[in-house]
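K.L.:
Each chain, written out:
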Amino acid sequence: MTHTPVERASGVPPKPLARRIRGLSDRSIAWIFVAPTILLLLAVNIFPLIWTIRLSFTDYRVNRPNRDVEWVGLANYERILTDPTIWKTMQATAHFLLWTIVLQVVIGFALAFLINKKFRGNDLWTTIIVLPMMLSPAVVGNFWTFLYQPQIGLFNYVVAFFTGADPASFSMIADVNLAPWAIVIADTWMWTPFVMLICLAGLRSIPDSIYEAAECDRASKWRQFWTITVPMALPFLMLAVLFRGIENFKMFDLVVQLTGGGPGNTTTLTSIDLKREAFEKWRTGYSSAYAVILFVTVFGLASIYVKALNKVKER
Amino acid sequence: MSFSVTEPSSRTKWFAGILVIGYALITIAPLLWLIATGFKSPADSIAYPPKVLFQPTLEGYVNLFTDRTRATAAMLEAAGEPQTWYDRIARDQGTVISGPSRYGERFLNSIIIGFGSTALCMVLGTAAAYAFSRFRVPLKDDLLFFILSTRMMPPIAVAIPIFLMFRQLGLNDTHLGMILLYTAVNLSLSVWLLKGFIDEIPIEYEEAALIDGYTRFQAFWKVVLPQAATGIASTAIFCLIFAWNEYAFAVLLTSGTAQTAPPFIPTIIGVGGKDWPAVAAGATIFLVPVMVFTILLRKHLLRGITFGAVRK
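Chain order of the listed sequences is A and E. Take the first sequence: its letter number 73 is residue 73 in this note's numbering, and every next letter is one higher. Take the second sequence: its letter number 106 is residue 1106 in this note's numbering, and every next letter is one higher.
Among the hints, erroneous ones may be present.
As the list claims (entries may be wrong) - Covered stretches of chain A (in silico footprint by chain E; criterion: 3 or more residues with CB under 8 Å from a CB of chain E, positions within the stretch not fixed): (1) 48 to 55; (2) 73 to 86; (3) 122 to 131; (4) 188 to 199; (5) 244 to 254; (6) 291 to 297.
Claimed, not checked - Take a look, some chain E residues computed to stay more than 12 Å from chain A by CB distance: (7) Q1055; (8) P1056; (9) L1058; (10) D1067; (11) T1072; (12) E1077; (13) D1087; (14) D1092; (15) I1097; (16) A1129; (17) T1174; (18) D1199; (19) I1201; (20) Q1227; (21) T1230; (22) A1233.
What the hints assert, rightly or not - Among the chain A residues that face chain E by a calculated CB cut under 10 Å, a handful are: (23) I29; (24) L41; (25) I107; (26) A165; (27) A168; (28) S271.
It should be emphasised that the hints constitute simulated quantities derived from the structure, not laboratory data. Remember, it's a predicted structure, so these values are computed and weren't measured experimentally. Just so it is clear, CB atoms sit at the ideal spot from N, CA and C, and this is done for glycine as well.
Just need the whole structure built from these sequences, with the hints factored in.
P.N.:
Below, the structure is given as structure tokens:
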């Protein structure tokens, strides 16, 4: 069944798409197109998640498959929530999250603000700044352990050059006080460009006319910055914080290669701790409960945050 | 000459330029150091103060791609003249090459798994994105959110059951298993990104094709796909980069046959300590494709990393 241009021009309303085609209806095509994706995601994401929840109520251990599995109810959850070392891990994660977000937002926004001044060659320099975040975090983390070596490492040498300290006198990854900063610095190096790109999109979305109007009202540059630039870019900033927050909450590869969670447990973030419980101590049931708690935490925090984000957007 | 109040003065531009270039130089320094270290001799790589000028050598690359055994002076004498330039480099270190290292194998695995999962992801993702963009799918918004939410899960949290499931199915440490896994990981990105790209193609093109007697499939194949080609290409590169860089699943679920390069590079060790030039050489080879793609992709970068949530 075909329509000629004459029919189209004659004012007859076009029939619904589904009835114009031969063979399959739109509805069945839609299902054929969507089904494989949904099925794969159910198999590789939802099914394992449900399995994790089920395992979290048992004392199952992967390395002892022949042992009888006992249903232990909420005992795993109880043990985790009363374990002081888990709270230490949570603290380390919170510390990491707080400082990486603060540093990345401040530096990223500043960079975006400067790049938005449209100086010559800014595209080239933006591309260079963006490079680190496209690289493999594990490989980058591994190489940063070389940069952080006392004496031979570039990082120590540069710090010593500017402060006059002895480059052999401090080790970023072996010192209990410095190691948390070592991971914050590497993460900031890698992910500041991400915040910068989002801020740049935010700044470019502000129409020039608003500034022109402010200029007519003789508002100072400082005032324009705080009453126009910051509020208009805020939803973008908050989106960047959301993405970075989720990513850093599940941070694993960069930190595992950089410090391996050490020295002591000072840089053991929750993902690293979870990996040890699940794949080194093989406490499968226990670590499943741990995983569920982390998952609920990240989902809970993210959905509260998204509500706040939507409120800011509506203003 | 028109004067715009929003156009920054040349002094402001100059000042902004200096600061941004300063930051860019700090950012690029570790990468340049990595590339330079790959061409240093092991002794130069750990020299103090760190050497900026050095005699370049391919020792690191030879060490990366070969397994070598230490030989006594008498044995080296008996072995005769080295046949190739890499033989000569190994001989200078007092070793003989005993065979290829596993780096080549791991790199090949990265390519197979990266490209395999990207191809599968693009087929499934394009179809689903097209359906979400053009048809009334029941529960469309819920399904789209569900697809996005799969990205929020920490990989370790689902790794245990995936490990058990793969063991049951015989997929542990296989290319197929990793391809399926990375496809699932990347589907959220590709569906969301591609839906954005397809949404931008005017629906009138397809309507015209349908009126000309094309079926839905033909219209999709001959009209929509060519229009979406750029979007599909950049989405594919993002999927490839994510699969290429993935570490957590690779280190937990593979041990030998299907192991990719990211878990392997940190395990490269030399004689008496870490062979940093070899590590740097391995990392450089591994990072170069991504650097090239990043430069090619710079226009689509923002959309790609935010799932299209923010548009430039």
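K.L.:
For every hint, state whether the structure bears it out.
P.N.:
Now the hints, each set against the structure:
As drawn, the region 48 to 55 of chain A meets chain E at 5 residues by the rule of a beta-carbon pair under 8 Å; at three or more, the given contact holds. A stretch counts as covered by a chain when three or more of its residues have a beta carbon under 8 Å from one of that chain; for the region 73 to 86 of chain A and chain E the count is 0, and the coverage is violated. Counting residues of the region 122 to 131 of chain A whose CB lies closer than 8 Å to any CB of chain E gives 9, which reaches the minimum of 3, so the coverage claim holds. Look at the region 188 to 199 of chain A against chain E: 5 of its residues bring a Cβ nearer than 8 Å to a Cβ of that chain, three or more, so the hint holds.
For the region 244 to 254 of chain A, the assignment as covered by chain E holds, since 5 residues bring a beta-carbon within under 8 Å of that chain's beta-carbons and 3 suffice. Coverage of the region 291 to 297 of chain A by chain E holds [criterion: at least 3 residues with CB-CB distance below 8 Å; count 4]. With a cut of 12 Å on Cβ distances, Q1055/E stays outside the contact zone with chain A, its closest approach being about 18 Å. For P1056/E, the non-interface assignment is confirmed: its Cβ lies about 18 Å from the closest Cβ of chain A, beyond the 12 Å cut-off.
Non-interface call for L1058/E relative to chain A: holds, since the shortest CB-CB distance, roughly 19 Å, exceeds 12 Å. Distance check for D1067/E against chain A: the nearest CB is about 20 Å away, which clears 12 Å, and the non-interface claim stands. The non-interface label for T1072/E is consistent with chain A: the shortest C-beta to C-beta separation is roughly 30 Å, beyond 12 Å. Against chain A, the non-interface label of E1077/E holds: every CB pair exceeds 12 Å, the least being about 35 Å.
Even its closest Cβ contact with chain A, about 28 Å, leaves D1087/E beyond 12 Å, as expected for a residue assigned away from the interface. A cut-off of 12 Å between C-beta atoms confirms that D1092/E is not in contact with chain A; the least separation is 23 Å. Listed as outside the interface, I1097/E is consistent with that label: its C-beta sits roughly 25 Å from the nearest C-beta of chain A, beyond the 12 Å cut-off. Listed as a non-interface residue, A1129/E fails to keep its Cβ farther than 12 Å from every Cβ of chain A; the least gap is roughly 9 Å.
Chain A leaves T1174/E outside its interface by the beta-carbon criterion, the shortest separation being 15 Å against a cut-off of 12 Å. Every C-beta of chain A lies more than 12 Å from that of D1199/E, the closest at about 15 Å, which supports listing it as non-interface. Taking the minimum C-beta to C-beta distance to chain A, about 15 Å, the non-interface status of I1201/E holds against the 12 Å cut. Residue placement check: Q1227/E keeps its beta carbon more than 12 Å from all beta carbons of chain A (closest about 17 Å).
No beta-carbon of chain A comes within 12 Å of the beta-carbon of T1230/E; the shortest separation is about 19 Å. Chain A leaves A1233/E outside its interface by the beta-carbon criterion, the shortest separation being 16 Å against a cut-off of 12 Å. Given the 10 Å rule on beta carbons, the hint for I29/A holds: about 5 Å separates it from the nearest Cβ of chain E. At its closest, the beta carbon of L41/A sits 6 Å from a beta carbon of chain E; the interface hint therefore holds under the 10 Å criterion.
Because the beta carbon of I107/A sits about 8 Å from the nearest beta carbon in chain E, less than 10 Å, this interface hint is met. Hint on A165/A is violated. Least Cβ distance to chain E is approximately 14 Å, over the 10 Å limit. Hint status for A168/A relative to chain E: holds, with the closest Cβ pair at about 8 Å, below 10 Å. Hint on S271/A holds. Least Cβ distance to chain E is approximately 5 Å, under the 10 Å limit.
In the structure shown, a violation is registered for the earlier hints numbered 2, 16, 26, in ascending order.
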